[in-house]
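Engineer: Place chain B on chain A using the hints.
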Amino acid sequence: MAEHADPDAALMLRVQRGDRRAFEALMARHAQAVANFLYHALGDAAEAEDLTQNVFLQVYKSAARYRVTAKFTTWLFTIARNLCLNELRRRARHPALSLDAPPPEFEDAPARAVPDLRPDGPVDTLLLSELEAKIQEALGDLPEAQRTAILLYREQDLSYDDIAAVLGCSLTAVKSLIHRGRETLKRRLKPYLRTGEWSAADPQL
Amino acid sequence: MNAPQGPQLLELARRRPLTPAERAALDAWLAQHPEARPADWAEELALTRLLAALPPAPLSPRFVENTLAALDRREGKPAASWASAWCRWLAGFQPAWRWAGAAVLLAAMLGGWQFQQHRREQVRLAESILAVSTLAGDLPDAAALAEFDVVLHLPDGPLPDLEALARALE
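Chains A and B, in that order, are what the protein sequence lines are.
Under our numbering, think of the first position of the first sequence as 1, with each following residue one higher.
Under our numbering, think of the first position of the second sequence as 1, with each following residue one higher.
Everything labelled a hint here was simulated from the structure, so no lab data went into it.
Please read all numbers here as calculations on a predicted model, not as lab measurements.
Wrong hints could be hidden among the right ones.
Derived, one-sided and incomplete: chain A residues facing chain B with beta-carbon distance under 8 Å [claimed, not checked]: (1) Arg17; (2) Gln32; (3) Ala35; (4) Asn36; (5) Glu49; (6) Gln53; (7) Phe56; (8) Arg67; (9) Glu132; (10) Arg154; (11) Gln156; (12) Leu185; (13) Leu189; (14) Pro191; (15) Tyr192; (16) Leu193.
FRET-style restraints, in silico, Cβ to Cβ [as the list claims (entries may be wrong)]: (17) B:Ala42 - A:Asp50: 13 to 23 Å; (18) B:Gly111 - A:Glu47: 47 to 57 Å; (19) B:Trp97 - A:Lys190: 35 to 45 Å; (20) B:Trp97 - A:Glu137: 15 to 25 Å; (21) B:Arg16 - A:Arg20: 45 to 55 Å.
Built from N, CA and C at the ideal position, the CB exists for glycine as well.
Chain A on its own, in the form it takes in the complex (with noise of 0.2 Å):
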């Protein structure tokens, strides 16, 4: 069988044959990167981990279907978005208050408490929890496409054209919704990024 240049692609291959160390093999490379997708577009941790893990069995299940000239990644995030998307829908006909939520009185109060490794001071983690929000509040907010757009551009595994077989739409459209996102994200998120409250969140500066 001829060798194939993309290694996920090879793993792929084998996981088609029921290769479960294959298999694993895709999840070490790829699960925190689907998670992060799905945790920047839903905004909940546990909800984020479980359906990257739905992501992967799905993959598992439909590794029959997997074509070698489809890139790997530009497949495994379309299961995502897809996941992603009924999970949204899902939630649009059934909404719940989250328990993660702050109860009403204390809106004002940063909506999720992220634990922070680093050794900052205290106020530098209140700023940095609290620019986490916003950012997730303003990513939140942005239309469904859009969203998607930016949160895959932030990978740097994938190109412009497969965002696009991603979202399924043009090149020009990704490139459209990108920027149209930006623009709104610069908007929404103005104050902080004229005040470099940043800075606290991202050491190198």
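Structural biologist: For chain B alone, coordinates are given in the frame of chain A:
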């Protein structure tokens, strides 16, 4: 691989924060091509940093093991296992063969249904014949019905006087 050049670095700067070397190369390129500098470049860079600063999803260290266990649970169910094996077997065929197989299966099912209908019809007919033959015991003899049509077509009205007829024939 070649290091990314000006326009590529501009693109890259929207995707992730640049390394100091990349940033220096981009600044040098923008100094030579000031017309390429976007109007809100500082905000663009700041937004990229903000998005990059989003924390990764907290994923359980046992994620892989948990997923494999979930897979085992799914495959452990006899119905699911049978169904998934069937699906895997089916997925091994080209779509044209799958359609052809489905057509043959449908034709076989239709044929089977028609055969059953035919059999049912035959049984019903046999039962009808049996019922008729049971009733036939109470009917008059076939010889008595030989003139049935003639009798049926006799005109309505008073019957002829049979004794007078007999006398006339003598």
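Engineer: Determine for every hint whether it applies to the structure shown.
Structural biologist: Consistency of the hints with the structure:
1. With its C-beta approaching chain B no nearer than about 11 Å, A:Arg17 sits outside the 8 Å limit, and its interface hint is violated.
2. Taking 8 Å as the C-beta cut-off, the interface hint given for A:Gln32 holds, the closest approach to chain B being about 6 Å.
3. Annotation: interface hint on A:Ala35 holds; nearest CB of chain B at approximately 4 Å, less than 8 Å.
4. Satisfaction of the interface hint for A:Asn36 is found here, the shortest Cβ-Cβ separation to chain B being roughly 5 Å, below the 8 Å cut-off.
5. Given hint, A:Glu49 at the interface with chain B, holds; its Cβ is 6 Å from that chain's nearest Cβ, closer than 8 Å.
6. The beta carbon of A:Gln53 comes within 5 Å of a beta carbon in chain B, closer than 8 Å, and the hint placing it at the interface holds.
7. At about 5 Å, the closest approach between the beta carbon of A:Phe56 and any beta carbon in chain B falls short of 8 Å, and the interface hint on this residue holds.
8. For A:Arg67, the interface hint is violated, since its Cβ never comes within 8 Å of a Cβ in chain B; the closest pair sits about 11 Å apart.
9. At about 6 Å, the closest approach between the beta carbon of A:Glu132 and any beta carbon in chain B falls short of 8 Å, and the interface hint on this residue holds.
10. The restraint placing A:Arg154 at the interface with chain B holds, with a minimum CB-CB distance near 6 Å, inside the 8 Å limit.
11. Nearest Cβ of chain B to the Cβ of A:Gln156: about 7 Å, under the 8 Å cut. The hint holds.
12. Given hint, A:Leu185 at the interface with chain B, holds; its Cβ is 6 Å from that chain's nearest Cβ, closer than 8 Å.
13. Restraint check, A:Leu189 versus chain B: the minimum CB separation of about 6 Å is within 8 Å; hint holds.
14. The closest approach between the C-beta of A:Pro191 and any C-beta of chain B is roughly 11 Å, which is over the 8 Å cut-off, so the hint fails.
15. The beta carbon of A:Tyr192 comes within 7 Å of a beta carbon in chain B, closer than 8 Å, and the hint placing it at the interface holds.
16. Hint status for A:Leu193 relative to chain B: holds, with the closest Cβ pair at about 4 Å, below 8 Å.
17. Against the hinted window of 13 to 23 Å, the Cβ-Cβ separation of B:Ala42 and A:Asp50 comes to about 39 Å, which falls outside the hint.
18. Taking 47 to 57 Å as the suggested C-beta distance range, the pair B:Gly111 and A:Glu47 conforms, at roughly 51 Å.
19. At roughly 59 Å, the beta carbons of B:Trp97 and A:Lys190 sit outside the given window of 35 to 45 Å.
20. As the Cβ distance of B:Trp97 to A:Glu137 is approximately 52 Å, the hint placing it in 15 to 25 Å is violated.
21. Restraint check, B:Arg16 to A:Arg20: a C-beta distance of roughly 34 Å breaks the suggested window 45 to 55 Å.
Of the numbered hints stated above, those contradicted by the structure are hints 1, 8, 14, 17, 19, 20, 21, listed in ascending order.
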